[in-house]
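Dock chains B and C against the given chain A, drawing on the hints supplied.
Quick mapping for you: the protein sequence lines, in order, are chains A, B and C. Residue numbering for the first sequence is 1 to 247, as defined by the working numbering. Residue numbering for the second sequence is 248 to 481, as defined by the working numbering. Residue numbering for the third sequence is 482 to 776, as defined by the working numbering.
Keep in mind the hints are simulated off the structure, nothing from the lab. The structure displayed is predicted, hence computed values, not measured ones. Virtual Cβ for every residue (Gly too), placed ideally from N, Cα, C. Each hint can be trusted.
Just some of the chain B residues that point at chain C, by a computed CB distance under 7 Å:
| no. | residue |
| --- | --- |
| 1 | Phe338 |
| 2 | Val432 |
| 3 | Val445 |
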Amino acid sequence: MLSVENIYKRYADNKVLRGVSLKVNQGEVVAVIGPSGSGKSTLLRCLIDLERVDEGRIIVGGETLVDTQAQGYAEKTALRRIILKMGFVFQSFNLFPHFTVLKNVTEAQERVLKRGRQEARDYALQVLGKVGLSDKASEYPYMLSGGQQQRVAIARALAMDPQMLCFDEPTSALDPLLTQEVLRVIKGLAEENRTMLVVTHEMAFAREVADRVVYMQDGVVRCEGTPEEVFSHPEVLAFTSQTPQPE
Amino acid sequence: MCSLPFFGKRFYPMKYLNNPDRLASLLAQLWQGLGVTMSLFGYTLLFSLPLGLVLALMRMSRNKAVRYPVQLFILVMRGTPLILQVFTVYFVLPMIFGTAFERLTAVVIAFVMNYAAYFAEIYRGGVQAVPEGQREAAHVLGFTRGQAFVRIILPQLIKRIVLPVSNEVITLVKDTALVTAVGMVELYRVARNAASTVGSLEPLFIAGAIYLIINAVISFLFDRANRYFAYYQG
Amino acid sequence: MLLFPDEVCYDAASAQAEIRKKEGMVMKRCLILILSMVMLSSLFSSAIAQEDTSLTDILDKGKLILGLDASFPPMGYVDADTGEIVGFDIDLAREVCKRLGVELVTQPIDWAAKEMELDAHHIDCIWNGMTITPERLENMQISLPYLRNDQVLVVRTADGYASLADLAGKKLGIQAGSSANDALDAAEAFKASLGEVVPFDENMTALMDLNQGGLDTVLVDVIVANYYMAVNDYPFTVLDESLAPEEYGIGFRKGDLALSEKVNALLLEMQADGTLAKISEDWFGTDITIINEAK
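This is chain A alone, in the form it adopts within the complex (with noise of 0.2 Å):
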């Protein structure tokens, strides 16, 4: 589903990816975790264009998002089909402030993927129902909580009908008591077979719901592999021993 050759990218001289490489099947739930700096955030961020890289390859769904040695960036129009088949959720969950929480969801369906306005409306409400929030659908987002925002970021990226979820920190702006509404959502989206990239700082969490784990520091992958086999990783646990655990 995706395939991620040997990326680097620079900013300024600080190199933030120093060849990464890393794949993940259909249907797979693959966490990336790693200190802060490791470059992870800024990986996924590269997978959607948000950032460009300087070398390397990217191919999604088996097109080519970028080849440094060969065509470079896909144009226009490829570019954005490819990132269509990519939903992906923020850290500061980048809802509009200005649309209902309905209307965000089915903003980009309209306008985008022209759906008519009725299928994206049930459509919306549908998936709205999905992360629990179809009651919620003509209030605004600054009414609702940190984590009743998030849902809806991940219903907006839903309703697009994506192959790939990508999840940026997805609970570290929010407060404890509120990270576990979002993570049981995205826990029963793996259950649903769907085929994520989640970068987080919730150990447990990776544990539990990711097929695979990779480990990142200072811009490469050290390890990767099943959650026991990565968690048991002599850096890893040296990672894992200084950040604390919730239970």
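Frame of chain A; chains B and C shown alone:
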């Protein structure tokens, strides 16, 4: 009022309140002057509001060939007095380009350029105030840049700029009095002429009251607009 | 796409620094540019010495555009009751235009910009109680003087001042930028003897202040003084001692000799057949025109 010593004949000659016909004539003249003021006001806003947006977008362009001239233009327009710009358009440009501008045309051109520059900076500030995350969300959802700007950024922008724009609009009402310098007879000028004729300040106060009413209406409208946009926060 | 940038291209701090640096350079350059353009334009206007079509232009156009500051009663001002521009100069001009066979069009202008309006051909003449001064003679073609004017000192009758000497150490009000200033500057000894010279935007407000006691005297055209004293019934007296007398003339574009000469001829005509005297009596009660004296 005639019994108040301060307004007595000794200190403050009253020429109109005792003479309803003359007062009516004055009001008719003021009304004409107001027409000039309002047409200048209307044309200026009509053209400078959209032009300001175009300038703001160009100002934020990554293309230096586009950005630098616009930056310079905005700098000059905001950094030099409006009266000087009016003079330049009205007196100097015709010397260079050979065509004479009608007074209203010249003045509108100068005002539009000046106010567009101010609006451009207001828009730019507003755009910068809209969080980057909004653009990113629009991007990942597949919106084109144009769609993102019109449907996502612009509505949030408008909410943020209502207050700064209202300030400029109120300033504009008062700036219209500047055009007496090129001989246009707008509200203030009419009042001043009348005052000179009768030797009393009354017309100026009446004109002042009219300006106040206009600005009160404008403030009220903007306040309504502001409250409309309060339907959401953030 | 050029028109829809997705971000600001550089951070605010460096932008500020760049702009501040440019500000200094650009401001200076702009000022020089504008000044040179203004100088150029005045050069152009004075260099037109080829063919003098000034009179034929007016006749062809069918109208004479008279520029005035319409707040200068009784020479040219807005009638309070009708809203029309009227005045002594307007009546004179109307008669001249009738004899020329053209229409009189009055165009309010800003007094400070009168030369520029002339040179830009927005008006054809300045006819508004304009004092003839050496500087103006350099910049404009001026007609024969048609009215004598005195810069007089107006005082409150109650104060009992009778001569310039009585005003030593007193406060004098004057209209900023007017020919009264030139007259005052010329009378050095008198000016030095004053306590304070207070500039006003308008003669009218200066006289109001005199009435209220904020000033001790006002230096102003005698014609204007008489007008406001009549209109407001001010308890003022005009001192007999006046400063240097001056004359009113009509201003034309430099080089518009034909037009100026024709107007002069018409004014002399009007003087000869008594029209001039009649208009003067209408406005001032007596004939104070001086058109024949210059000959």
